[in-house]
Amino acid sequence: KAGVTQTPRYLIKTRGQQVTLSCSPISGHRSVSWYQQTPGQGLQFLFEYFSETQRNKGNFPGRFSGRQFSNSRSEMNVSTLELGDSALYLCASSLGGKDEQYFGPGTRLTVT
Amino acid sequence: QKEVEQNSGPLSVPEGAIASLNCTYSDRGSQSFFWYRQYSGKSPELIMSIYSNGDKEDGRFTAQLNKASQYVSLLIRDSQPSDSATYLCAVLTNQAGTALIFGKGTTLSVSS
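One line per chain: the protein sequences are A and B, in this order.
Quick note: the first sequence uses our numbering, first residue 1, plus one each step.
Quick note: the second sequence uses our numbering, first residue 1, plus one each step.
Be aware that one or more of the hints could be misleading.
Unchecked claim - Computed list of lysine-lysine pairs in DSS-like fashion (alpha-carbon distance at most 25 Å, straight line):
1) 56/B / 67/B
2) 98/A / 56/B
3) 57/A / 1/A
4) 67/B / 98/A
5) 42/B / 13/A
Just so you know, the hints here were simulated from the structure itself, not pulled from any lab data.
Source: prediction; values computed, not measured.
If we strip away everything but chain A, and leave its shape as in the complex, we get (with noise of 0.2 Å):
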């Protein structure tokens, strides 16, 4: 069975642009979750998509969104990007959330 896969795997912007990071679950996985991994905060919870609704949301600003499709693919967006949001950003799928979740890849954003 194919694992998580995401895209792009990294991607370069300037303050001020904004970013749309794909997901692709495990498939039979409808849960999708997305975080953020920083040095220095580690990793930190952004929100939660089943069944093409969002279902939990972590601290993060409303810069911050995301949204799911039908086929559980689900995408992040980052508008008015800052410096401060160059990261890891994973996704992670699981079967209802509150199981096993198991990561994509990555997509590394930096901001330049």
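Knowing the structure of chain A, use the given hints to seat chain B on it.
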């Protein structure tokens, strides 16, 4: 008090030794506990999950959970240089729902 705490390390063990990694959590109602391994520059890889008190063994890995003490640990037997990585403890808490709460990770170094 942080929700999930781990010693940052580094924890250094010789090849063939037992590595013991520890994690404490603050939400007494937490039900699900996970250990992830993360190699430098890579995404977290799920290696163990544990849901009830006691030990759970999988190959060279043993996870131990003590809910009364709010403590979960990971033992790696016959440590190999390829085990050198950062080990992340993650918890699903009642308060956070489907959001994994991560510790900052313990760096393990296995010397040959």
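Hint check results:
1. 56/B / 67/B: 14 Å, holds
2. 98/A / 56/B: Given pair residue 98/A, residue 56/B holds - Cα atoms ~19 Å apart, limit 25 Å.
3. 57/A / 1/A: At roughly 29 Å apart (the allowed maximum being 25 Å), residue 1/A and residue 57/A break the hint.
4. 67/B / 98/A: Holds. Residue 67/B to residue 98/A sits at ~18 Å (cutoff 25 Å).
5. 42/B / 13/A: Given pair residue 42/B, residue 13/A holds - Cα atoms ~21 Å apart, limit 25 Å.
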